[in-house]
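Put chain E on the given structure of chain H with help from the hints.
Here are the chains, one letter per residue:
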Amino acid sequence: MADPAALLDPAVEPVVTATGPTAGPSGAGGRRLVVVVLGLLVLAVSLVAAVRVGIGGGIGWAEIGRSVGTRFGLPVPPLPRLTDSLIWDLRVPRVLLAALVGAALAVCGAALQSVTRNALADPYLLGVSSGASTGAVVVVVVGFAGSQLGMTGGAFLGALVSFALLMLLLRRRGLDSVRIVLTGVVVGQLFTALTSLILMATGDADSTRALTHWLLGSLAPARWQSVVVCAVACAVGLLLIWLCSSALDGLAFGADTAASLGVDVRAVRVVVLVTTSLMTAVAVAAVGAIGFVGLIVPHGVRFLVGPLHRVLLPVSAVVGAVFLVWTDALARMAFAPLEVPVGVFTALLGVPLFLVILRRRGEL
Amino acid sequence: MRIEARHLSWGVPGRTIVREVDLTVESGETVGLVGPNGSGKSSLLRCLAGLRAPTSGEVRYDGVDITGWSARTRARHVAFVEQTADTDSDLTVGEVVMLGRTAHGSPWRGPTAADRAIAAAALDRLDLAGLADRPWKQLSGGERQRAHLARALAQRTWGLLLDEPTNHLDVRHQLELMELAAATPRTVVVALHDLAMAARYCDRLVLLQRGRVVADGPAERVLTPALLREVFEVDADVDRDSAGRLAVAYRGPAR
Numbered sequence: 004m005a006d007p008a009a010l011l012d013p014a015v016e017p018v019v020t021a022t023g024p025t026a027g028p029s030g031a032g033g034r035r036l037v038v039v040v041l042g043l044l045v046l047a048v049s050l051v052a053a054v055r056v057g058i059g060g061g062i063g064w065a066e067i068g069r070s071v072g073t074r075f076g077l078p079v080p081p082l083p084r085l086t087d088s089l090i091w092d093l094r095v096p097r098v099l100l101a102a103l104v105g106a107a108l109a110v111c112g113a114a115l116q117s118v119t120r121n122a123l124a125d126p127y128l129l130g131v132s133s134g135a136s137t138g139a140v141v142v143v144v145v146g147f148a149g150s151q152l153g154m155t156g157g158a159f160l161g162a163l164v165s166f167a168l169l170m171l172l173l174r175r176r177g178l179d180s181v182r183i184v185l186t187g188v189v190v191g192q193l194f195t196a197l198t199s200l201i202l203m204a205t206g207d208a209d210s211t212r213a214l215t216h217w218l219l220g221s222l223a224p225a226r227w228q229s230v231v232v233c234a235v236a237c238a239v240g241l242l243l244i245w246l247c248s249s250a251l252d253g254l255a256f257g258a259d260t261a262a263s264l265g266v267d268v269r270a271v272r273v274v275v276l277v278t279t280s281l282m283t284a285v286a287v288a289a290v291g292a293i294g295f296v297g298l299i300v301p302h303g304v305r306f307l308v309g310p311l312h313r314v315l316l317p318v319s320a321v322v323g324a325v326f327l328v329w330t331d332a333l334a335r336m337a338f339a340p341l342e343v344p345v346g347v348f349t350a351l352l353g354v355p356l357f358l359v360i361l362r363r364r365g366e367l
Numbered sequence: 010m011r012i013e014a015r016h017l018s019w020g021v022p023g024r025t026i027v028r029e030v031d032l033t034v035e036s037g038e039t040v041g042l043v044g045p046n047g048s049g050k051s052s053l054l055r056c057l058a059g060l061r062a063p064t065s066g067e068v069r070y071d072g073v074d075i076t077g078w079s080a081r082t083r084a085r086h087v088a089f090v091e092q093t094a095d096t097d098s099d100l101t102v103g104e105v106v107m108l109g110r111t112a113h114g115s116p117w118r119g120p121t122a123a124d125r126a127i128a129a130a131a132l133d134r135l136d137l138a139g140l141a142d143r144p145w146k147q148l149s150g151g152e153r154q155r156a157h158l159a160r161a162l163a164q165r166t167w168g169l170l171l172d173e174p175t176n177h178l179d180v181r182h183q184l185e186l187m188e189l190a191a192a193t194p195r196t197v198v199v200a201l202h203d204l205a206m207a208a209r210y211c212d213r214l215v216l217l218q219r220g221r222v223v224a225d226g227p228a229e230r231v232l233t234p235a236l237l238r239e240v241f242e243v244d245a246d247v248d249r250d251s252a253g254r255l256a257v258a259y260r261g262p263a264r
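Sequence lines, in order, name chains H and E.
First residue of the first sequence? That's 4 in this note's numbering, and the numbers climb one at a time after it.
First residue of the second sequence? That's 10 in this note's numbering, and the numbers climb one at a time after it.
To be clear, the hints were calculated from the coordinates, so they are not data collected in a lab.
Because the structure is a prediction, the values reported are computed rather than measured.
Beta carbons: idealized from backbone N, C-alpha and C, even for Gly.
A couple of the hints might just be wrong.
[To be verified] According to the in silico footprint, chain E covers these stretches of chain H (three or more CB under 8 angstroms from chain E):
| no. | stretch |
| --- | --- |
| 1 | 161-173 |
| 2 | 191-198 |
| 3 | 263-275 |
| 4 | 298-312 |
The shape of chain H in the complex, shown without the other chains:
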């Protein structure tokens, strides 16, 4: 190993000869890799199992295998149309969409918690999800309901507007946690009210059902079209935010220290806020406003792999996916055949955690 004094001397180019386990802050690298691999494995199993769980109608592994097999051109006897459609057009996209939305919301939560330096930041608690709902509903009412992209665009605009409003209200007052959440809740309430108003004013028979969907979130209407849109947004968003990892780490000590470390604080904020708005919008346009995933998942994951975003973000994505796949399965089965909106369960899990975080920070 090189001479330690020379390593710190800016006049000398650092020469490191030693390979293998260098001394010092190597972190639990091996453990993190295990968590990632294990997480992906659990995700794969979950995706498969959740397709089967509670599907009813006498459908078993054989039918699922045949339905999926047909799509990949395997020589399996095809299923009756209705059964096949139940599996391939309803259940498979639903499980995939749950995974994608869970991943997106978890990554958004982790990134927002860093840029706002606030442990309670989450797209739902900041009112962004509600803004996205309003945007999507406006598009539906104006009459582009069929187009997933149109609804996503509306939701994106709604998300940006609610974010802008939030920042306007917080201007010059800092981002301390209680204030940001209170303001976020107020903004969220405003947009929730707007959504309800718009849906009720259009007055069609389904408006109550539509309302539950947009305000509580439900994966029931999942189709392949929204799976594709979500997959693209999720992949692009995760990559963009992941590339900001070291900047997000640097923000731990505030904007000044981050800037002195070489982080372009303003650029990172813009990238993260716009990207999370887009990801939230895509998720909301597909499944409505599901709350607390962005709060629950990153907190749990930090516990497992530590706070460095290079690892935290991808693991949050995987865990968020698994989390929502199973919460949705629970929502389907808890009172079957009646289906509970999945947002009800995420809230039931999220609220106690919210209180625990507040209390730990001595703010309650």
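The following block gives chain E in isolation, referenced to the frame of chain H:
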């Protein structure tokens, strides 16, 4: 690296905090910024670090105006340690020190072996080697301060700007830190409350009052009873101790 401020002013709307400061810190020099609370030491340091854009005037590194430099370029020239930089995050000490390598990394890959070796050397230099895996929240105030300094050293910059780095430190670590600042070939600007410490370890002192430089020179010319009375509003005796160093003995608030 020479750090200069030319006619530097900075303020917030309605209030000027740094006024027309001209200051040159030569390569390798250790300069102490002294002055009462609110005299603009922290703000001046932030301007010198490029964290605040001057409302007028400019900051130069080796004669080059830093206006418009990217954060990354600045971070390769100067490192900055805030007076109180705290976090709710569960970062370990080693991870905090590794943050010093941010400006040298690429977004596509994690820290390299060289980064790790540098961070380890910085931890070692500040007596923190055994604490690398300790979570930030379990550190004492002094350990945090040292971790920040190790992080700044790991940045491997020619300029080092320190805001009250001896706060929270016990006497031994205060002395060690100031010896480090005095001995390093880097250009150091350090804001200090402890005048005796400033006099002993800095090559030169700059005395600020309400954002202006009122004295600039060797300690014995800056820490005079008259200036201490005028700027700090204290009555003090300035004398030499048995080792021949400048000693400031306060008699009390000026009456």
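Quiz item: Does the structure break any of the earlier hints, and which numbers would those be?
Solution: 1, 2
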